[in-house]
Amino acid sequence: MRRTIPLALTFIVGLYPILAFFVPDVRIAHANDWLDEALVIVAAFALPLGTVNVIMTNTSKLKKKARGWQYSIVLLAGLAIMAIYGLIGGTGVDPKFQWMFVNMVSPLQSTMFALLSFYVASAAYRAFRARNVEATILLIAAIIVMMGRIPFGDMITGGRMTPLSEWIMSIPNAAAQRGIIIGAALGAASMSIRIILGIETTYLGSGKD
Amino acid sequence: MNAKKLLNVDRRVIYLLVAIGALIPIIRPIGLPTVPTEPVWKLFNKIEELGPDDAVIISFDYGPSSEPELNPMAQAILRHCFARRVKVLVMALFPLGGVNMAIDQLDGIADEFEGLEYGVDYVNLGYKDGAQAAMKRMDISIQALFPTDVNGDPVDDMPVMTGARNYDDISVVISLATGIIGEYWVNLVNAQFGVPVAVGCTAVSAPKYYAYLRAGQMMSMLGGLKGGSEYEKLLVDKYDFARELYEEPDVKARSAMAGMDVQSIVHMIIIFFIIFGNAMYFLMKKQEKEEKER
Numbered sequence: 000m001r002r003t004i005p006l007a008l009t010f011i012v013g014l015y016p017i018l019a020f021f022v023p024d025v026r027i028a029h030a031n032d033w034l035d036e037a038l039v040i041v042a043a044f045a046l047p048l049g050t051v052n053v054i055m056t057n058t059s060k061l062k063k064k065a066r067g068w069q070y071s072i073v074l075l076a077g078l079a080i081m082a083i084y085g086l087i088g089g090t091g092v093d094p095k096f097q098w099m100f101v102n103m104v105s106p107l108q109s110t111m112f113a114l115l116s117f118y119v120a121s122a123a124y125r126a127f128r129a130r131n132v133e134a135t136i137l138l139i140a141a142i143i144v145m146m147g148r149i150p151f152g153d154m155i156t157g158g159r160m161t162p163l164s165e166w167i168m169s170i171p172n173a174a175a176q177r178g179i180i181i182g183a184a185l186g187a188a189s190m191s192i193r194i195i196l197g198i199e200t201t202y203l204g205s206g207k208d
Numbered sequence: 000m001n002a003k004k005l006l007n008v009d010r011r012v013i014y015l016l017v018a019i020g021a022l023i024p025i026i027r028p029i030g031l032p033t034v035p036t037e038p039v040w041k042l043f044n045k046i047e048e049l050g051p052d053d054a055v056i057i058s059f060d061y062g063p064s065s066e067p068e069l070n071p072m073a074q075a076i077l078r079h080c081f082a083r084r085v086k087v088l089v090m091a092l093f094p095l096g097g098v099n100m101a102i103d104q105l106d107g108i109a110d111e112f113e114g115l116e117y118g119v120d121y122v123n124l125g126y127k128d129g130a131q132a133a134m135k136r137m138d139i140s141i142q143a144l145f146p147t148d149v150n151g152d153p154v155d156d157m158p159v160m161t162g163a164r165n166y167d168d169i170s171v172v173i174s175l176a177t178g179i180i181g182e183y184w185v186n187l188v189n190a191q192f193g194v195p196v197a198v199g200c201t202a203v204s205a206p207k208y209y210a211y212l213r214a215g216q217m218m219s220m221l222g223g224l225k226g227g228s229e230y231e232k233l234l235v236d237k238y239d240f241a242r243e244l245y246e247e248p249d250v251k252a253r254s255a256m257a258g259m260d261v262q263s264i265v266h267m268i269i270i271f272f273i274i275f276g277n278a279m280y281f282l283m284k285k286q287e288k289e290e291k292e293r
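Those protein sequences? They're chains A and B, same order as listed.
So the first sequence is residues 0 to 208, counted in numbering that gives the first Met the number 0.
So the second sequence is residues 0 to 293, counted in numbering that gives the first Met the number 0.
Only chain A is shown next, with the shape it has when bound in the complex (with noise of 0.2 angstroms):
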């Protein structure tokens, strides 16, 4: 029973769309606005549960006192009081919560993107190498792109760079993307088909306690 009533709704809500997009029909069309309505609570519902995942993972290193367990302190005052400000005030315009967002969350995030330029700097000095045609190949597309990103590239080429860095994004790039986007789309559709039918069951976990 643990496992047939969710195989079944599973068939039922994942079947649902397709019938309602292949068949004009409106009371197929109502029922299945009412299973978009139903999705958006649903998916709210994924919030709560990673929150409790967030404590439950960082009260755990607390107490066994795992390598950085001070960060878990950190993390978990900061869970705290903005949802404290949150819950009180709302996450809307409340002076509070926004101004602990733009002055705490929003540079320390941006800190830590702003870290790449560093990484990318570095690594790029140390692991990109011609060391073979295809290599080679992506090395120049690279700095091609690059300078096609900035003025600079322009300024030294009399403006043929951008069109060219324009070119290889809109034709090598966009069809290598293009192969990558149908690939995952057929790769999400057998997917789903194996859990519609209940093929693939991993979702409802080991059916251990």
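Keep in mind that the hints are not guaranteed to be accurate.
What the hints assert, rightly or not - Partial list, computed: chain B residues near chain A (C-beta under 8 angstroms):
| # | residue |
| --- | --- |
| 1 | Asp-103 |
| 2 | Ile-268 |
| 3 | Ile-270 |
| 4 | Met-283 |
I should point out that these hints are in silico values taken from the structure, not numbers from a laboratory.
Yeah, the Cβ is synthetic: ideal placement off N, Cα and C, and Gly gets one too.
Take the given structure of chain A and dock chain B to it, following the hints.
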């Protein structure tokens, strides 16, 4: 010259050079020229065609990590829409701070324009979870998905919503996106409902959007800081208020055009290191070969 030694240069030297390269243009801006590209002026021209009877959706689908790249873009697009008096529906579908980015940007930009009224000319609908489900729902009714605005006030009585019931009333959706939400707008809202979609994305995620752009599923793309600077350039060239505004030190310092100075120098440093690293690599190979032969 010992190439092997140079190849193993202390990484702190590289960090220092990058830091200097980033700091110099901040202290002393260079003001490098910007030339707008086709994907950017397509969105600019689209908004130029719109007026007070039209409505656009601007979805803040990014968090603080992408703020330096996407904030200037958001500011330029909002300024353009407000200058044209286009009705703006702002929302956020990105969970990690999208709504806060929207509040921060919208309030600041709206204050620059006299006579703009919240609820009449623009509204912040706040955050909604379940990106794809939310997008699908808006085809039936935007108001049903967002019954209240970001402050919790009902949107029923807001005049801005009367002309924006569902996608039929939306002239263009602009998603400022990091991650996959921009793709959802393209492959769901454009593909299924036919709404023109433009995506402003970080430079690192721009390559994947070229496939959609080439396929015509996206009407425009603003890629990274460069896309933002190109949009600013178009705005500055067209509108006197924008030319004056982007000359103000505070606005200028935070603009994408100023950011391009930093990006240019850092890109040049990275390119130099790639070329220098390869030169040293081949020199090292040559030196090793010569040593073996001896």
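So, going through the hints one by one against the coordinates:
no., hint, verdict
1, Asp-103, "6 angstroms, holds"
2, Ile-268, "6 angstroms, holds"
3, Ile-270, "6 angstroms, holds"
4, Met-283, "11 angstroms, violated"
The structure shown violates just one earlier hint, number 4.
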